[in-house]
Amino acid sequence: MSRRQHPLVPSVLGPVQLSRSRNQILESIFYRGLPYSRKLSTHTSCVNCLAFSSNGARFLASGGDDLDIHIWDFHQDDISHPWHTCIGHARNIFTLTFSASNKYLFSGGTDSKIHKFDATQFQLLRSSNAERPIDSLSYRNTIRSLSCHPFQDEVFLSASESGRIILHDERTWRNPSTRARDIIQVETEVCDVKFHPTMENIFASCDSKGTVCLRDIRLGFGPANKRMNQGVVQVFNTKISKGSIAHLSNPESSSIAFDRDGTKLAVTMLHHYPTIYSLSDPNPIAFCSAQTLPDGSPILPGQRSYSNSCTIKHGSFGSLGFDNDDFYCAGSDDFCAYLWKIPSISSLVDQRQIVDPDEWSSNAVFADTIGYAAGLHEPRYLPVNIKTPLSRLTGHNSIINTTLVHPNFPYIVTCGIERHLFLHSATPSTPFSDGLEFTPTEVRSLSEQSTREEDLSVHNLLTGNEQADSGDLESSTISLFDGILRAEGTADPFRSRRWSPYSDSESEDDSSD
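Those letters in the sequence shown? Residues 1 to 513, per our numbering, in order.
No lab work stands behind these hints: they were computed from the structure.
Keep in mind it's a predicted model, so treat the numbers as computed, not measured.
Below, simulated DSSO-like cross-link-like pairs (lysine-lysine); rule was C-alpha separation at most 30 Å, straight line: (1) Lys113 to Lys103; (2) Lys387 to Lys242; (3) Lys239 to Lys387; (4) Lys387 to Lys341; (5) Lys239 to Lys341; (6) Lys103 to Lys39; (7) Lys387 to Lys39; (8) Lys341 to Lys39; (9) Lys341 to Lys242.
Pairwise CB distance ranges, derived in the manner of DEER restraints: (10) Arg179 to Ala364: 54 to 60 Å; (11) Ala180 to Asn397: 45 to 51 Å; (12) Phe151 to Asp295: 42 to 48 Å; (13) Ala246 to Thr490: 18 to 24 Å; (14) Asp472 to Gly56: 35 to 41 Å.
Backbone N, C-alpha and C fix where the C-beta goes; we use that ideal spot for every residue, glycine too.
The whole structure should be built from the sequences, with the hints applied where relevant.
See the structure below:
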């Protein structure tokens with residue numbers, strides 16, 4: 001199939017000239033952000049998860065509450081409908097991942113099943129026949145996350161609400177004699193798990209108690225006499241402190257993301273901001289807020305900005321066509337997504353402040369400052385506050401759960417409570433479409449109270465009396481989450497997630513072998 005030349009890349013340049021030319025062109029247009037978009041509306045309910053295929057990201061997989069997995073082909077000249085559709089789940093889909101060479105697509109969700117699909121079928125002509133799993137596994141609880149080995153198609157990790165992290169090798173995964181050796185059991189819900197993109201024995205995990213750590217497969221799995229500390233080789237400091245408050249808080253860490261080289265790790269925290277870590281440093285080097293608009297103007301009183309108090313969010317790093325993964329994108333409860341430019345690790349480490357705990361509590365200048373601390377009497381680390389996003393992505397009418405940056409080009413895909421995907425672009429013309437339009441910049445406001453009609457539609461939704469029309473269902477779902485935002489949208493982590501040394505010691509006991 002023929003493909004258009006990308007509008008940002010000249011066709012007759014050497015590698016060094018091409019890189020320099022591409023970066024110059026990208027820099028010249030990025031002051032406008034990503035103002036163009038296209039809406040893809042094949043799903044009929046909330047879209048929870050997205051995944052690009054490996055090695056070029058030709059295919060995008062999307063899944064959610066309607067139980068369908070749609071496969072979108074970015075080699076199409078005008079992408080508007082799925083290239084393939086996969087079915088098999090009985091309840092909401094939470095996670096999708098392609099294997100190292102796109103041999104398989106794995107999926108998991110609230111039906112406690114992991115499905116494996118033959119992803120080589122996606123290379124064939126467009127099909128109206130739904131693909132079914134070629135293999136499936138059943139487990140005890142919701143599957144929260146799947147992550148494929150960076151080099152081996154047959155190996156992947158799963159994380160579940162039962163507290164199990166399981167190393168799967170599909171060549172031996174039905175052999176009962178090896179199953180116990182392939183499980184790490186912790187005493188709390190495991191929210192996310194990610195293989196390191198280049199070091200095949202290293203992976204990261206996070207859980208509902210706020211623990212984020214690096215683990216080594218060689219120490220976490222295998223015979224009992226070879227295991228050590230459940231494979232943990234680095235624990236990241238996720239507890240937050242405020243000078244005017246005597247106790248610490250440990251926000252729930254709901255998801256994690258590596259950049260392409262595995263030098264940075266981003267942690268999505270409930271009731272807090274996305275926090276950036278250098279892999280070799282347990283303390284954060286930056287957090288991403290949106291205290292100003294992209295043009296630097298202040299957030300006006302009553303105007304909403306980045307927040308994360310409702311739904312499970314997943315952010316992502318990306319290059320947007322540049323040479324490095326220097327950008328991070330995340331969805332927000334204010335119906336927008338935010339894109340930040342992340343400075344170099346060395347620059348962030350140089351700017352980070354370290355404050356003595358006595359000065360922290362006695363100096364009024366830190367009264368409303370957020371710092372990170374390993375314990376009550378430990379130094380406070382003040383990472384760089386990246387308070388001005390590069391771009392704010394609009395178009396949605398409700399919460400954005402997931403953002404996925406294309407690994408090679410300046411495109412971002414967003415999804416959430418609505419049934420639509422949005423493809424955001426820096427230019428109106430792309431290899432997959434000439435028809436991208438300006439995205440409306442006006443964002444729907446959240447009313448202080450619901451209407452009687454909204455209350456009735458939510459009641460019908462919860463009692464199963466909602467009409468089958470997808471538009472009515474979406475409207476009711478949006479009203480439902482509006483109500484959740486009114487009730488929980490301003491939660492304070494220092495009230496809702498108070499930490500004490502006793503709770504930390506319990507956590508350590510819970511996670512021991």
